[in-house]
Amino acid sequence: MSFEPIWGAIIAWYLFLAGLGGGAFATSAFLGWKHPEAVNMRRIAHIIAPVVVIIGLLLLMVDAEGGLHNPLRFALLLTNFGSVMTWGVVFLAGFVVIALVAVLLDFLKRSIPVWLDIVGTVFAVCVAIYTGVLLGVCKTFPLWNNALLPILFLVSAMSAGAAAVLLVSVFRHADEFNMVGVLKKFHFCFPIIEIVLLASLMFITSFNSDAGWNSVMSLLVGEHAPLFWIGLVAVGLVIPTVLETWLLFFSPKEFEESRKAHYLSAASDVGVLVGGFLLRYLIVIAALPVTIVVPML
Amino acid sequence: MARYGMLINTKKCIGCYACRVACQRQNKLLSDEAFIRYEEKETGAYPEVGVETVPLQCMHCEDAPCVSVCPTGAAYKGADGIVGVDHGRCIGCKYCMAACPYQVRVHNHETGTVDKCRFCTVSAAETGTKMSTCVEACLTGARLFGDLDDPDSDISKAIVSDNAQPIAGSLTKAKIFYVR
Numbered sequence: 000m001s002f003e004p005i006w007g008a009i010i011a012w013y014l015f016l017a018g019l020g021g022g023a024f025a026t027s028a029f030l031g032w033k034h035p036e037a038v039n040m041r042r043i044a045h046i047i048a049p050v051v052v053i054i055g056l057l058l059l060m061v062d063a064e065g066g067l068h069n070p071l072r073f074a075l076l077l078t079n080f081g082s083v084m085t086w087g088v089v090f091l092a093g094f095v096v097i098a099l100v101a102v103l104l105d106f107l108k109r110s111i112p113v114w115l116d117i118v119g120t121v122f123a124v125c126v127a128i129y130t131g132v133l134l135g136v137c138k139t140f141p142l143w144n145n146a147l148l149p150i151l152f153l154v155s156a157m158s159a160g161a162a163a164v165l166l167v168s169v170f171r172h173a174d175e176f177n178m179v180g181v182l183k184k185f186h187f188c189f190p191i192i193e194i195v196l197l198a199s200l201m202f203i204t205s206f207n208s209d210a211g212w213n214s215v216m217s218l219l220v221g222e223h224a225p226l227f228w229i230g231l232v233a234v235g236l237v238i239p240t241v242l243e244t245w246l247l248f249f250s251p252k253e254f255e256e257s258r259k260a261h262y263l264s265a266a267s268d269v270g271v272l273v274g275g276f277l278l279r280y281l282i283v284i285a286a287l288p289v290t291i292v293v294p295m296l
Numbered sequence: 000m001a002r003y004g005m006l007i008n009t010k011k012c013i014g015c016y017a018c019r020v021a022c023q024r025q026n027k028l029l030s031d032e033a034f035i036r037y038e039e040k041e042t043g044a045y046p047e048v049g050v051e052t053v054p055l056q057c058m059h060c061e062d063a064p065c066v067s068v069c070p071t072g073a074a075y076k077g078a079d080g081i082v083g084v085d086h087g088r089c090i091g092c093k094y095c096m097a098a099c100p101y102q103v104r105v106h107n108h109e110t111g112t113v114d115k116c117r118f119c120t121v122s123a124a125e126t127g128t129k130m131s132t133c134v135e136a137c138l139t140g141a142r143l144f145g146d147l148d149d150p151d152s153d154i155s156k157a158i159v160s161d162n163a164q165p166i167a168g169s170l171t172k173a174k175i176f177y178v179r
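Line by line, the protein sequences are chains X and H.
Letter 257 of the first sequence, counting from 1, is numbered 256 in numbering that gives the first Met the number 0, and no numbers are missing.
Letter 10 of the second sequence, counting from 1, is numbered 9 in numbering that gives the first Met the number 0, and no numbers are missing.
Think of the hints as simulated: they come from the structure by calculation, not from any bench.
Model, not experiment: these values are computed from the prediction.
Incorrect hints may appear among the rest.
The calculated DSS-like cross-link candidates involving lysine-lysine, where the alpha carbons are at most 30 Å apart (straight line), are [what the hints assert, rightly or not]:
(1) H:172 x H:156
(2) X:108 x X:183
(3) X:138 x H:40
(4) H:172 x H:40
(5) X:138 x H:10
(6) H:27 x H:172
(7) X:259 x X:183
(8) X:138 x H:76
(9) X:138 x H:172
(10) H:76 x H:156
(11) X:259 x X:184
(12) X:259 x X:33
The task is simple: from the sequences and hints, build the whole structure.
Below you can see the structure in the form of structure tokens.
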């Protein structure tokens, strides 16, 4: 028998954009700490953060048809504090407010206090982790129901956030882009950590149950294999790692600041973003439920 | 207060789907909206093989995952232990559908909300039908409905005599018992 996933691309986009926004804000706070001279990159990060999260929330509302037809029902989202989704609403609301305040302060040419960076980053991390916990509490799906998923989504969120900021910066403020070495090194590490987490998640899940095994196999060798290997593993994780390894550690210094290197870096960042979306998409659609007769490949 | 439950004897079930059709008629469901779904499991070893049909519907769990994940309080457990959906509160986020281990909650494409087996509380209130149309419709008497707290009820006796068990052990403390 086959199984039709309950959530699809819209929810995957939402999970990706929420994480991306959180990652972008955390990147801005990191820039303020380690690269205070990169003022414009910080502004770019401040704008990306609320914009993508708000787009994600709009997608979420479109997917929730019952609420879309009766928008007042969305107010009820704050009634069950036993639900991860309710906590998500709290984190998202707090995050969007803080991120918009940062945009406003930039617009007024006022400096952003350190405490706002810290509180915003805490909310950003909560938003990113919540996207994993949201799926993780569903015992129905072994591919989701484990403690690695929130960590994987958190690392992917930070990775995607930094990639988005670097991608815009390389075209808009290449001078600053050349200066943010520490950020680039952190950004370089994220896909490597993701590979380790993803491999662990899939390895453990495949031993967890029949449904877990079949979910993992649908990614490795089944219907989702082309998207998994080419899209997520190659484009999203391995190619960015290879490109960044070469750019950061093996290319001559003068090449690193050349336009050609910038395009390579941009290609790597696009790859990270594609991978960030595909990670959510594949995790959402490949999960098979624990039922009596577990759906086969 | 009664604590309602159901017994389904898959040894009697012939897989005719009469219970599903009766349920759809009684509850005026859309043609693609069914509260009962079926899983078919191959049993035995060649040459003595068979197919077991297992009807699945809301188990009205005492530890209902749908109720705990529902962000708006639309999924609730009533005083009689029957898990219900308050359609006026449902935003259609489908979180309950993901959380339900039995995959028995369905999305109504017209209203955008989620629905599921009501143990026929709605029909009982509106049309005076005896509870649980699927029980009445079953041709082979594979289904029993009644009060689990009453030791003299037919269902309580049958659960003991047939050693009926929930479909997934103690997971969620389901209130539909299966003879398999």
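Structure-based check of each hint:
With a CA separation close to 19 Å, the supplied pair residue 172 (chain H) and residue 156 (chain H) stays within the 30 Å bound. With a C-alpha separation of about 27 Å, the suggested pairing of residue 108 (chain X) with residue 183 (chain X) holds against the 30 Å cut-off. Restraint check for residue 138 (chain X) and residue 40 (chain H): the C-alpha separation of about 22 Å stays at or below 30 Å, so the hint holds. With a CA separation close to 23 Å, the supplied pair residue 172 (chain H) and residue 40 (chain H) stays within the 30 Å bound.
For the suggested pair residue 138 (chain X) and residue 10 (chain H), the alpha carbons sit about 29 Å apart, so the restraint of at most 30 Å is met. Between the alpha carbons of residue 27 (chain H) and residue 172 (chain H) the distance comes to roughly 29 Å, so the proposed pair stays at or under 30 Å and holds. The hinted pair formed by residue 259 (chain X) and residue 183 (chain X) meets the criterion: a straight-line CA distance of about 17 Å does not exceed 30 Å. Pair hint residue 138 (chain X) plus residue 76 (chain H) holds up; C-alpha atoms about 20 Å apart against a cutoff of 30 Å.
Pair hint residue 138 (chain X) plus residue 172 (chain H) holds up; C-alpha atoms about 14 Å apart against a cutoff of 30 Å. Taking the CA atoms of residue 76 (chain H) and residue 156 (chain H), the gap is near 25 Å; set against the 30 Å cutoff, the hint holds. As the CA atoms of residue 259 (chain X) and residue 184 (chain X) are separated by approximately 19 Å, the hinted pair is consistent with the 30 Å bound. About 26 Å separates the Cα atoms of residue 259 (chain X) and residue 33 (chain X), which keeps this hinted pair within 30 Å; it holds.
Consistency with the previously given hints is maintained throughout, with no hint failing.
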